[in-house]
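A.B. asks: Using the sequences and the hints given, assemble the complete structure.
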Amino acid sequence: MILKVSGFFLRLSLLVLVSGCTSVQPWERGTLAKPHMALQPFPSQTALREHIYGSRESASGSTASAGGGGCGCY
Amino acid sequence: MTLRHWIISGLLLLGDSHISLAEVVLGQAAPSCSLSKIGGGAEKKLDSFKGQVVYVDFWASWCGPCAQSFPFMNQLHRELSSKGLAIVGVNLDEKAADAAGFLTKTPAHFEILADVGGSCPQGFGVKAMPSSYLIDRHGVVRHIHLGFKPSETEALRKEIDALLLEAASTP
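Protein sequence lines correspond, in order, to chains A and B.
FYI, in the working numbering the residues of the first sequence are 1 to 74.
FYI, in the working numbering the residues of the second sequence are 1 to 171.
Source of the hints: derived by calculation from the structure; they are not laboratory data.
From the three backbone atoms N, C-alpha and C, an ideal C-beta is built for every residue, glycine too.
Take the hints with a grain of salt, since some may be wrong.
One side only, chain A facing chain B, incomplete, derived with CB under 7 Å [claimed, not checked]: (1) Pro26; (2) Trp27; (3) Gly30; (4) Ala33.
List time: in silico DMTMM-like cross-link candidates among lysine to aspartate or glutamate, alpha-carbon distance up to 25 Å [said to hold, decoys possible]: (5) B:Lys45 - B:Glu111; (6) B:Lys127 - A:Glu28; (7) B:Lys127 - B:Glu94; (8) B:Lys45 - A:Glu50; (9) B:Lys105 - A:Glu28; (10) B:Lys37 - A:Glu57; (11) B:Lys127 - B:Glu166.
C.D. replies: Have a look at this one:
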């Protein structure tokens, strides 16, 4: 009996949760298209900072946009 | 839970998804569309352009390539409106003020209308911004163009010229 009831609630909660998901249509992306919604608002500044950081740390991590071994000589 | 329960649950969840499957197909009649002037006003149906070749362009103020496409559409309007081309720019902005601001910076000489209630892009199955659809004189969708690149205008122009040459009487 308890199993039956919990199964019912599982399905009910799935239904309620999934109904919260909507796909954003191409024409509804006005807010997402705003500059302050960008992951990197200043891409060239970020790239420069990562380059300097990589050089100083003598190791460029996965964030480094340019290739190189961290010697700062690329 | 038995398998039957899982299947029923799955079907319920499927039915719950909000993805619309409506989409125009080449060679089929264009979906009907309720439009009006930006900011409200009298309703104008897309069907009212029947008999003309219709270039329907879905645009919004926040879309960069849309702004790029306006001079091209102005040129088309200038050169081909006398030959039976109707250009309809369907605005999909959520705020009418955004569209009005865009139009002061990017003037449009062709017909600008706004979608009423969001059903128009749904009916067409708009997948990109901008999206343009070429509808022939019988109301049949003949060409779908996603996005806008200046390099693609020549091919688009040829397509429009060919449609304009088709007589209204032949199916």
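A.B. asks: Each of the hints needs a verdict: does it hold here or not?
C.D. replies: How the hints compare with the structure:
| no. | hint | in the structure |
| --- | --- | --- |
| 1 | Pro26 | holds (5 Å) |
| 2 | Trp27 | holds (4 Å) |
| 3 | Gly30 | holds (5 Å) |
| 4 | Ala33 | holds (4 Å) |
| 5 | B:Lys45 - B:Glu111 | holds (13 Å) |
| 6 | B:Lys127 - A:Glu28 | holds (11 Å) |
| 7 | B:Lys127 - B:Glu94 | holds (17 Å) |
| 8 | B:Lys45 - A:Glu50 | violated (54 Å) |
| 9 | B:Lys105 - A:Glu28 | holds (22 Å) |
| 10 | B:Lys37 - A:Glu57 | violated (59 Å) |
| 11 | B:Lys127 - B:Glu166 | violated (28 Å) |
When the structure is compared with the earlier hints, violations turn up for hints 8, 10 and 11 and for no others.
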